[in-house]
Amino acid sequence: MDSPLKDILEALIFISIEPLSVDRIKEVLSDRTEEEIRRAIEDLSAEYTREGRGLRLQQVGGGFVLATRPEHDSWVRRLLQIERKTKLSHAAVETLSVIAYHQPVTQPEIQAIRGVDSSYTIKTLLEKKLVKISGRKKAPGLPLLYRTTDRFLTYFGLNDLGELPSVEEVAKMLEEGDVPEEKRPLP
Amino acid sequence: MEPLPAPETDCYQIRLEVFEGPMDLLLFLIRKKKIDITDIPISAITHEYLSYLGRKEQINLDREAEFLLMAALLISIKSQLLLPREQPPADEEDPRRPLVDRLLEYERMKSASLLLREKEEAQLQTWRRTSLPPIDVADEPGLIEISLFDLAESFFLLLKRRESENFQYLKAKEVSLDEKMRDIIRELEERHYLDFLEFLARQESLEEALIAFFCLLELIKAGAVIAVQERLFHTIKVWMRRSRPLPENHGQPA
Numbered sequence: 002m003d004s005p006l007k008d009i010l011e012a013l014i015f016i017s018i019e020p021l022s023v024d025r026i027k028e029v030l031s032d033r034t035e036e037e038i039r040r041a042i043e044d045l046s047a048e049y050t051r052e053g054r055g056l057r058l059q060q061v062g063g064g065f066v067l068a069t070r071p072e073h074d075s076w077v078r079r080l081l082q083i084e085r086k087t088k089l090s091h092a093a094v095e096t097l098s099v100i101a102y103h104q105p106v107t108q109p110e111i112q113a114i115r116g117v118d119s120s121y122t123i124k125t126l127l128e129k130k131l132v133k134i135s136g137r138k139k140a141p142g143l144p145l146l147y148r149t150t151d152r153f154l155t156y157f158g159l160n161d162l163g164e165l166p167s168v169e170e171v172a173k174m175l176e177e178g179d180v181p182e183e184k185r186p187l188p
Numbered sequence: 136m137e138p139l140p141a142p143e144t145d146c147y148q149i150r151l152e153v154f155e156g157p158m159d160l161l162l163f164l165i166r167k168k169k170i171d172i173t174d175i176p177i178s179a180i181t182h183e184y185l186s187y188l189g190r191k192e193q194i195n196l197d198r199e200a201e202f203l204l205m206a207a208l209l210i211s212i213k214s215q216l217l218l219p220r221e222q223p224p225a226d227e228e229d230p231r232r233p234l235v236d237r238l239l240e241y242e243r244m245k246s247a248s249l250l251l252r253e254k255e256e257a258q259l260q261t262w263r264r265t266s267l268p269p270i271d272v273a274d275e276p277g278l279i280e281i282s283l284f285d286l287a288e289s290f291f292l293l294l295k296r297r298e299s300e301n302f303q304y305l306k307a308k309e310v311s312l313d314e315k316m317r318d319i320i321r322e323l324e325e326r327h328y329l330d331f332l333e334f335l336a337r338q339e340s341l342e343e344a345l346i347a348f349f350c351l352l353e354l355i356k357a358g359a360v361i362a363v364q365e366r367l368f369h370t371i372k373v374w375m376r377r378s379r380p381l382p383e384n385h386g387q388p389a
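Same order as they appear, the protein sequences are chains A and B.
So for the first sequence, my numbering puts the first residue at 2; every next one is plus one.
So for the second sequence, my numbering puts the first residue at 136; every next one is plus one.
Think of the hints as simulated: they come from the structure by calculation, not from any bench.
All figures in this text were calculated on a predicted structure; none of them were measured in a lab.
Quick reminder that beta carbons are idealized off the backbone N, C-alpha and C, glycines included.
Treat the hints with care, as some may be off.
Label pairs and their calculated CB-CB ranges [claimed, not checked]:
hint, chain 1, residue 1, chain 2, residue 2, range
1, B, Ile-210, A, Pro-144, 27 to 33 Å
2, A, Val-29, B, Leu-341, 47 to 53 Å
3, B, Glu-228, A, Lys-124, 37 to 43 Å
4, A, Asp-44, B, Lys-167, 35 to 41 Å
5, B, Val-235, A, Ser-135, 28 to 34 Å
Using 27 Å as the maximum straight-line C-alpha spacing, the simulated DSS-like pairs for lysine-lysine come out as follows [what the hints assert, rightly or not]:
hint, chain 1, residue 1, chain 2, residue 2
6, B, Lys-254, A, Lys-86
7, B, Lys-254, A, Lys-173
8, A, Lys-88, A, Lys-133
9, A, Lys-133, B, Lys-254
Could you build all of it, start to finish, from the sequences and the hints given here?
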């Protein structure tokens, strides 16, 4: 009985562009319990890992997607004739971290942490739909509040905000020390 | 000012531009000198900091005002430390404390951003399908539903375009919200959809365009219509939702 469900799920995930959530799957397969669906997804995922295929099942942005493996990157790019995907700027990733760890957060608060004017960077992040306006803070001037979006999660391969590097991981990185200097691009 | 200390090694000859800001530079100096962040020798670090700024022949105020602000803060902390006190200051009164807290938080965010950067790197090497053949969704077209901000942006774009027209017009006829709403619904019933920008551009005056914009927002809010984009950067279209009731009083054209 297990195998047909697994196959159906594979088809549904294959055909979805955005991460397919369990809730959405439940709407389609209304006669199956969440438990059954989750177990079948696990089986499917294990199968992809075990059999060493070109695709893997990724859990990002609150759902499941089929994606290529990093080691096949160069082949895919040759097929699509793309040199390299553009990365976010330093300022953008730094601002995103501040928003991700402090959300909901206002522009003055972001600026206080970074020590630099962040309005332009926030505007770019809004345009890329990596952050969104989630309301206004009940403070003088009613400043806008910013949050990260699902697209932010998908972009960094995270399933939910709980998967952000934890305080401990960040602290460990600080102890290992000097990483920021090593990674700093020399002029 | 005394002569600047010569840079120790070549790799420290770093331009100001590679720093994300004054916090970044200050943190870099503290870590480079292996200074205990909770007990910063303000005098020495201020000197170091200023010598970095001093390497620039000219300070570009637009870009580097924030670096100067930090210099001013350092000097003000130093002057507070110099003031004589009757009692040794309690720990929380240490004038360096707020800056240290900010630096620690900044450092935490900077490290977090490096971890995110690694995740980005890995994610950029995985590919997903990005397009699908068009699917007919039963009721509404399967398009990108857009946010209020996209709509507002479109609207401002239109206003900008019209700025150049510079009309001299007499007081336009008064248009009521009700009337405009009926117009929109009538048009939607005939043509099924409206091109958002084109519809607003057709309005005779700015007031009328504003009223039309508010009507559309009202209809979207009531769920009577839906604003969608077929593709990013394409025009925004407004469709009638057959399944939803129209807002009261605007149900049928009178």
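Violations among the numbered hints, reported as their numbers in ascending order
Violated: hint 4 alone.
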